[in-house]
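Based on the provided sequences and hints, a complete structural model is requested.
Quick note, the sequences are listed as chains A and B, same order. Just so it is clear: in the first sequence, position 57 is 778 by our numbering, and no numbers are missing. Just so it is clear: in the second sequence, position 171 is 173 by our numbering, and no numbers are missing.
Keep in mind that the hints were calculated from the coordinates and are not lab data. Quick caveat: nothing in here was measured; it's all calculated off a predicted structure. Idealized CB from N, CA, C, for every residue including glycine. Among the clues, some could well be false.
[Said to hold, decoys possible] No farther apart than 27 Å at their CA atoms in a straight line, the calculated lysine-lysine pairs in the DSSO-like style are these:
#1 B:K210 <-> A:K737
#2 A:K737 <-> A:K781
#3 A:K764 <-> A:K781
#4 A:K752 <-> B:K279
#5 A:K737 <-> A:K764
#6 A:K737 <-> B:K218
#7 B:K279 <-> B:K373
#8 A:K781 <-> A:K752
#9 A:K752 <-> A:K737
#10 B:K279 <-> A:K781
#11 A:K764 <-> A:K752
#12 A:K752 <-> B:K210
[What the hints assert, rightly or not] Derived DEER-like restraints, expressed as beta-carbon distance ranges:
#13 A:E770 <-> B:V64: 39 to 47 Å
#14 B:I254 <-> A:E770: 41 to 49 Å
#15 A:P769 <-> B:N330: 24 to 32 Å
#16 B:K16 <-> A:K752: 43 to 51 Å
#17 B:I376 <-> A:P769: 36 to 44 Å
#18 B:L23 <-> A:E756: 38 to 46 Å
#19 B:R196 <-> A:P755: 33 to 41 Å
#20 A:S782 <-> B:L146: 13 to 21 Å
[Unchecked claim] Away from chain A, derived, C-beta distances all over 10 Å, residues of chain B:
#21 M60
#22 Y86
#23 Y98
#24 R326
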Amino acid sequence: MRRLIYVQRLGVFVMKKWRCLVCDFVYDEAKGVPEEGIAPGTKWEDVPENWTCPDCGAGKSDFQMVEVD
Amino acid sequence: MSTVTIQESGWTDKKRYLWLLGIAAMGLPYYGYLIAQATHWSIFYWFTPLFIYFLIPMLDNVIGEDEANPPDSAMAALNADRYYRWAVAASIPAQYAVLAWGAYTALTGDLRWYEALGLFFSIGWTSGLAINVAHELGHQTSPLERWLAKIALAPAMYGHFYVEHNRGHHVRVATPEDPATSRFGETFYEFLPRCVIGSVASAWEIEKTRLARQGKSVWHWSNDNLQAWALSLVVIAAMTVWLGWMAIPFVILQGLFGGSLLEVVNYLEHYGLRRQKLADGRYERCQPHHSWNSNHLATNVFLYHLQRHSDHHANPTRSFQTLRNFDNVPRLPNGYGGMILLAYLPPLWFRVMNPRVVAHFGGDMARANIKPSIREQVLAQYGRATA
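Now the structure itself:
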């Protein structure tokens, strides 16, 4: 699994990816979706609950964390 | 997640039991056969296409539109109610039973050629209807329903749809790059080959990319296209073993006919509509105004609210019973039942729909999705928006 290790003052955390179960769009925590106001580094749980997949409109509950890449 | 049940919210779904008509619809070829036997009128072997092409449009006109939406308080419970998922899946055994019976009767019964032909088209129609069943099932995320989607697609020889619809069409909808979005000025007969070839090619590429990402060959058994096509081969093989070599053209051709029915529905759903490109070159998100809609109840019942197309694109995994009507979205003048007849006759289609597309864009046809070979002519004719 590819990781981006991001060192912060508080410690180390790992950036994860979440894939849309409908259309395969990947939300990468490291990249965010800046054009929609979600900054790079935004963790999945911090993405607004009403955010939907930019490609197909599926909701957050239809995403699954990527286990292996 | 709301814990209010549908009953507690005080609202009941008036259409709850109407949805079972989708299962009953699979039996149309058989009902026609029974009526033909009783009346000795061969025309009733053609009952299914007559029902779809004449009776449904008449019912749409007589019964009219149903604009009712469930109240917000009932939405979560309604979406979670498993009854509706069963109502869809239960059509699959009916579909297969009618396919088996229909092929058997057409190929081994003592039918006149025009009776067998009527039965052939009728069976093809049920395969086409089953693609819509597969559409509903394939949009869910449970492995069981997704498998059932492939099974429902198999008789229509339409397995690529499983891949291309969610991961191709829903991503590229209402753009010139989508093979399943029809263009202003394009006839259904031009759209059909473009859509089929483009969709199959796209489905192949999508799986190739997905498998490569997993380090697998495109020929790996987990290729969804190969699985879905294998199911079609199983259907053909089983029918051939049972009924002989004539089953091969019968099953394949009725499937292709069924597929063409889905394609004519594709043709109506986004005709001429186009998402605009943003400053960074990406397309805007799909909005409600990027789909043509209809609320005609008769067709909606047989197609599981497919006509509430804007809400479907906004909420692709939402179960059909909760799809809502929106005001101020592009509206078709009739249900899909009547509109597909227009689509088969391009001069009529253009006469009815082209003004609607122009009106939708307020005359600014630069924003429309136009058949490339006529684009300059259309822009010259309509100009740009004056406002």
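Tell me, in ascending order, the numbers of any earlier hints that this structure violates.
Result: no hint breaks.
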